[in-house]
Amino acid sequence: MVLLILLAAMVLIVDSPRSLFLLFCLALGLHVVARSSPGRWRILMVFILLGIWGSMTSQALFYTREPRTIIACLLAPTTPGIGALTGGVYIYREGLEYGAVQALRSGTMLTLGLLINWTSDPRQLLRSLLSWKLPYELGFMLITGLRFLPVIFQETGVVLTAQRLRGFNPFRALSPQRLIQTAFQTLFPILARTLRRAATLASSVESRGFGRETPQVALPVWSYQERFFCHTMLLAVCGLVLLKIMDALQFNGLYYVSSWRGLYDLMKVWL
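First residue of the sequence shown? That's 48 in our numbering, and the numbers climb one at a time after it.
Since the hints were made in silico from the structure, they are not lab data.
Remember, it's a predicted structure, so these values are computed and weren't measured experimentally.
Just so you know, even glycine gets a beta-carbon here, dropped at the ideal spot from N, CA and C.
A portion of the hints provided could be inaccurate.
As the list claims (entries may be wrong) - Derived DEER-like restraints, expressed as beta-carbon distance ranges: (1) A131 <-> A209: 47 to 57 Å; (2) G214 <-> Q272: 50 to 60 Å; (3) L181 <-> A245: 18 to 28 Å; (4) V288 <-> V252: 34 to 44 Å; (5) A283 <-> T208: 43 to 53 Å; (6) L242 <-> L97: 20 to 30 Å; (7) A123 <-> A283: 28 to 38 Å; (8) D62 <-> K180: 42 to 52 Å; (9) T111 <-> P169: 52 to 62 Å; (10) K180 <-> A246: 22 to 32 Å.
As the list claims (entries may be wrong) - Listed below are the simulated SDA-like cross-link pairs for lysine to any residue, each with C-alpha atoms no more than 25 Å apart in a straight line: (11) K315 <-> G300; (12) K315 <-> A55; (13) K315 <-> R65; (14) K315 <-> L301; (15) K291 <-> K180; (16) K315 <-> V58; (17) K180 <-> G300.
Could you put together the complete structure from these sequences and hints?
What follows is the structure, given as structure tokens:
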């Protein structure tokens, strides 16, 4: 878990597309090492592709920074009515590039988050949060929220299966009214079943005296190899932060050392 948190910190620090792509591949490689099932890979790919599509589409259409290069015109300014109102709708090359970078960043964070959720035992996660002095109630609610994600997927599958057995075909007509009706017919049963599960869980923890006293949890002692690895990763993240500060100082003309020109060039490519 510490490794994944440090990798997430690297994703937030680094701005280079090359480095972000390598971190994204590393996150996918961790799923390979964890031997994620084909079903989990499908869920992961759907979420990643939706994130990439949304990020690149929104940035390509609404990119406002300069300079920007128009590569396609979806709506000309001379179009009656909406054309004069919007000033035209264009696709910008710089917007696509910026959206791809942001998609890599969000995709890596999503991949690491799902890896934690799928491979970690709730008790281990709770012990990790307690070792960081997080209040027990907050840690318990956070772990409960994470563990409810598979429950929501399971309830969605049950509802869709039950509706298909009744002859329900959501794509029989693609009219807006039909799609809205389909959404209500699907979401309300899922919400009702999820709330029922949540109410059962709340009654269970309340009957066991949740929150009345702080539990004493025995935390396992880390081995020397684990401590050495985590400290090394922490030093690497601190080094990246220091390099990022140096790059920002020289970029804004606040502090520049001519003998570090090679280091500055390296940071420009990879940071």
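Against the structure, the hints:
1. Taken as a hint, the range 47 to 57 Å holds for the pair A131 and A209, whose Cβ atoms sit roughly 50 Å apart.
2. Checking the proposed 50 to 60 Å range against G214 and Q272 shows it holds: the Cβ atoms sit about 58 Å from each other.
3. Restraint check, L181 to A245: a C-beta distance of roughly 22 Å satisfies the suggested window 18 to 28 Å.
4. The hinted range of 34 to 44 Å is satisfied by V288 and V252, whose Cβ atoms lie roughly 39 Å apart.
5. Between A283 and T208, the C-beta spacing of about 47 Å keeps the proposed range 43 to 53 Å intact.
6. For L242 paired with L97, a C-beta distance near 26 Å keeps the hint of 20 to 30 Å intact.
7. At about 51 Å, the CB distance of A123 to A283 disagrees with the hint of 28 to 38 Å.
8. Take D62 and K180: their Cβ atoms lie about 32 Å apart, and the range 42 to 52 Å is violated.
9. Restraint check, T111 to P169: a C-beta distance of roughly 43 Å breaks the suggested window 52 to 62 Å.
10. Judged by the Cβ atoms, the range 22 to 32 Å given for K180 and A246 holds: they are separated by roughly 31 Å.
11. Under the criterion of a C-alpha separation no larger than 25 Å, the hint pairing K315 with G300 is consistent with the structure, at around 15 Å.
12. Only pairs whose Cα atoms come within 25 Å are accepted, and K315 paired with A55 is accepted, the gap being roughly 21 Å.
13. The hinted pair formed by K315 and R65 meets the criterion: a straight-line CA distance of about 11 Å does not exceed 25 Å.
14. A distance of roughly 17 Å separates the Cα atoms of K315 and L301; the hinted pair therefore holds under the 25 Å criterion.
15. Proximity of K291 to K180 is assessed by CA-CA distance (about 29 Å); at most 25 Å being required, the pair is judged violated.
16. Between K315 and V58 the CA atoms are separated by roughly 16 Å; this keeps the pair inside 25 Å, and the hint holds.
17. Between K180 and G300, the direct Cα distance comes to roughly 41 Å. Violation of the 25 Å bound is thereby established for this hinted pair.
Violated hints, listed in ascending order, are 7, 8, 9, 15 and 17; each of the other numbered hints is respected by the structure.
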